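Visitor: Starting from the given sequences, assemble the full structure and let the hints guide the process.
First to last, the protein sequences are chains A and B. Count along the first sequence from 1, add 163, and you get the number used in this note's numbering. Count along the second sequence from 1, add 163, and you get the number used in this note's numbering.
Hints in this document: simulated from the structure, not taken from any laboratory. Remember, predicted model here, so these are calculated numbers, not experimental data. Don't take every hint at face value.
All copies of an identical chain are treated as equivalent in the list; a pair is satisfied when it fits inside any one copy or across any two copies.
Claimed, not checked - Below, in silico cross-link-like pairs of lysine-lysine (DSSO-like), each with a Cα-Cα straight-line distance of 27 angstroms or less:
{"id": "1", "residue 1": "K302", "residue 2": "K332"}
{"id": "2", "residue 1": "K303", "residue 2": "K178"}
{"id": "3", "residue 1": "K302", "residue 2": "K206"}
{"id": "4", "residue 1": "K177", "residue 2": "K195"}
{"id": "5", "residue 1": "K317", "residue 2": "K293"}
{"id": "6", "residue 1": "K226", "residue 2": "K178"}
{"id": "7", "residue 1": "K177", "residue 2": "K199"}
{"id": "8", "residue 1": "K374", "residue 2": "K178"}
{"id": "9", "residue 1": "K348", "residue 2": "K362"}
{"id": "10", "residue 1": "K487", "residue 2": "K362"}
{"id": "11", "residue 1": "K427", "residue 2": "K270"}
{"id": "12", "residue 1": "K449", "residue 2": "K390"}
{"id": "13", "residue 1": "K478", "residue 2": "K270"}
{"id": "14", "residue 1": "K206", "residue 2": "K303"}
There are 2 protein chains.
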Amino acid sequence: MSGKEKVTIYDISKKLNISAATVSRALNQNPKISEKTRELVAKTALEMNYKQNRLAQALKSGKTNNVGVIVPYINRSFFSSVIRGIEEELTPHGYHVIICQSHEEVKNEINQLNALLNTQIDGIFMSVSKTTQNTDHIKKALEEHTPLVFFDRKIEMSGVSSVVLDDFKAGYMATEHLIMEGCKKIAHLSGDINLEIYKNRFEGYRSALEKHGLTYHPEHVIQTNSKIESGQQAVAQLWECEEKPDAIFSAGDYAALGAIQELKSRNIRIPEDVCVVGFSNEPFTKYMELPITSMDQTPLLMGKIAAQVFLEQVKGNKTLTIEKKVVLSPELFVRSSSGRSILQPAEN
Amino acid sequence: MSGKEKVTIYDISKKLNISAATVSRALNQNPKISEKTRELVAKTALEMNYKQNRLAQALKSGKTNNVGVIVPYINRSFFSSVIRGIEEELTPHGYHVIICQSHEEVKNEINQLNALLNTQIDGIFMSVSKTTQNTDHIKKALEEHTPLVFFDRKIEMSGVSSVVLDDFKAGYMATEHLIMEGCKKIAHLSGDINLEIYKNRFEGYRSALEKHGLTYHPEHVIQTNSKIESGQQAVAQLWECEEKPDAIFSAGDYAALGAIQELKSRNIRIPEDVCVVGFSNEPFTKYMELPITSMDQTPLLMGKIAAQVFLEQVKGNKTLTIEKKVVLSPELFVRSSSGRSILQPAEN
Numbered sequence: 164m165s166g167k168e169k170v171t172i173y174d175i176s177k178k179l180n181i182s183a184a185t186v187s188r189a190l191n192q193n194p195k196i197s198e199k200t201r202e203l204v205a206k207t208a209l210e211m212n213y214k215q216n217r218l219a220q221a222l223k224s225g226k227t228n229n230v231g232v233i234v235p236y237i238n239r240s241f242f243s244s245v246i247r248g249i250e251e252e253l254t255p256h257g258y259h260v261i262i263c264q265s266h267e268e269v270k271n272e273i274n275q276l277n278a279l280l281n282t283q284i285d286g287i288f289m290s291v292s293k294t295t296q297n298t299d300h301i302k303k304a305l306e307e308h309t310p311l312v313f314f315d316r317k318i319e320m321s322g323v324s325s326v327v328l329d330d331f332k333a334g335y336m337a338t339e340h341l342i343m344e345g346c347k348k349i350a351h352l353s354g355d356i357n358l359e360i361y362k363n364r365f366e367g368y369r370s371a372l373e374k375h376g377l378t379y380h381p382e383h384v385i386q387t388n389s390k391i392e393s394g395q396q397a398v399a400q401l402w403e404c405e406e407k408p409d410a411i412f413s414a415g416d417y418a419a420l421g422a423i424q425e426l427k428s429r430n431i432r433i434p435e436d437v438c439v440v441g442f443s444n445e446p447f448t449k450y451m452e453l454p455i456t457s458m459d460q461t462p463l464l465m466g467k468i469a470a471q472v473f474l475e476q477v478k479g480n481k482t483l484t485i486e487k488k489v490v491l492s493p494e495l496f497v498r499s500s501s502g503r504s505i506l507q508p509a510e511n
Numbered sequence: 164m165s166g167k168e169k170v171t172i173y174d175i176s177k178k179l180n181i182s183a184a185t186v187s188r189a190l191n192q193n194p195k196i197s198e199k200t201r202e203l204v205a206k207t208a209l210e211m212n213y214k215q216n217r218l219a220q221a222l223k224s225g226k227t228n229n230v231g232v233i234v235p236y237i238n239r240s241f242f243s244s245v246i247r248g249i250e251e252e253l254t255p256h257g258y259h260v261i262i263c264q265s266h267e268e269v270k271n272e273i274n275q276l277n278a279l280l281n282t283q284i285d286g287i288f289m290s291v292s293k294t295t296q297n298t299d300h301i302k303k304a305l306e307e308h309t310p311l312v313f314f315d316r317k318i319e320m321s322g323v324s325s326v327v328l329d330d331f332k333a334g335y336m337a338t339e340h341l342i343m344e345g346c347k348k349i350a351h352l353s354g355d356i357n358l359e360i361y362k363n364r365f366e367g368y369r370s371a372l373e374k375h376g377l378t379y380h381p382e383h384v385i386q387t388n389s390k391i392e393s394g395q396q397a398v399a400q401l402w403e404c405e406e407k408p409d410a411i412f413s414a415g416d417y418a419a420l421g422a423i424q425e426l427k428s429r430n431i432r433i434p435e436d437v438c439v440v441g442f443s444n445e446p447f448t449k450y451m452e453l454p455i456t457s458m459d460q461t462p463l464l465m466g467k468i469a470a471q472v473f474l475e476q477v478k479g480n481k482t483l484t485i486e487k488k489v490v491l492s493p494e495l496f497v498r499s500s501s502g503r504s505i506l507q508p509a510e511n
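Guide: This is the structure:
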């Protein structure tokens, strides 16, 4: 906004006819520099309106007190709650949390990881994008010895800690809940099976069917994305099957919402005819007039534990590589969309 | 994660017995340094596994290609959409967008602004917290000549550009819509009047009442925060008034949702007995079985224009100070909570 150039240590060194290294050492109160020179440099710096750059100091100390978080989207309740957990845990330790979103594009993820590494970040928390296959950008962070903690969506890499949900158990629990409600033909709206979390939710679903002696119908599994329309289309497709489902377990809340909208438009009663369970416990699931049963991923706890793992790494003996794998248990919030015994809409 | 120290230019200078400044200039291909020295430095740097720090270079060039965005919350659709607009506009120009949230605490805002300035950010986009009164931290950014653009919530400061919504017009439009629906006793759930945006929404409401010859009842204005409970409590309070309202214009969608929940629990019909209008067009407002009328703040456009204002500043003649004030028009999405003539729930 202005053409004024910043005063650098080179300007001070020129003015005083001493080396830039001496100016730098003097400003940093290095005892190798005489008291007299230190005072002279300080006085000159003040006169020239020099502002010592804390980042330049960080380049030396190797510590900025900034940590970076890379998530696919900031506007999903799950991710913003994990970030809140990281902040609550790290702010009291003097860290600033900087957030980037990849929009599920590995290209963005690479750029943002590099941008964060280039600002000399003290640590990275990351939930990888759907399109992340190659891990060179992540290896680069490890080579630069920047502590990295994966949360929710991880990649198997040796030496990297992670905090994830037990997604197999979550898929199993959701499906078993539907079976207990009397459902026998349970469809699954899966996410992208390339992502471990969605694969595990699907495996949990399939395992619960098997455990309870129910037939697995491959045509009852439809891949969706996290959009409402995707859930609407899935129901349209499912209702073309000969064997129509009596329940839907969706790997995401937005697809579950779309499924409910489509079922209603077909005058199918929920939960009497079809029970619906979502995933993530997005706030809207409880605001609905027909509140949606959903799986809570304990995001605040996930963020706090990820932060604790990071603190352990930076505070510990730096010659050790810590690899800690934490798996959290999901919690099912049963509401009217699947709880046939619930008369009043649940408030939780 | 490891004890290996990073190799610095000081290590290279020691090894070659030349000054650190010479090493730095050589690595940056400064023509003042002989070709021979440049080659020697490059070779030694490679042997010592020296990684040139792009940030250190940025300290010289004064450009990191990182811009910072500070918002009260990332998990409000309005703010995440503005951020999306900034990203869409700046990513093609090679900028990385770094996000921080203040949680409405000026203390956090100050820390984050300092952290961003210390990473030599190229520009700051900011929507101030509710508790921001003192502006010293913002003045610091201006003194360091970091381009700053306010969006939505601004502070009047000379030399700072801003992109905001015409909140007065929005308040006026929402209230006039309710009057057109036949409402005569319109209550207002206001936000914190210390924030200009909420003050303007209130003024617009009051002005519309006056224009249409309706009496302004101070007891029909209740200050709320952006929580659901706050809307519930407001209705409880309003229904203790002698003159009960026949409409509610809420300055936020969450309070509007709470108001609707409380009205329903009192068996008051919406929109027949009471019409409700929210503000922000949060996605949930259209998901509801009774979709909520809400004011759209065109956040994507707001972000894009804020980014364009920034680009104008950094690309323009740097000796000029640009101060650009952009005011956007709101758009009202009329849905079933107030549209008495709407038979089917609106889909927009």
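Visitor: If you check each hint against the structure, which ones fail?
Guide: 1, 8 and 11
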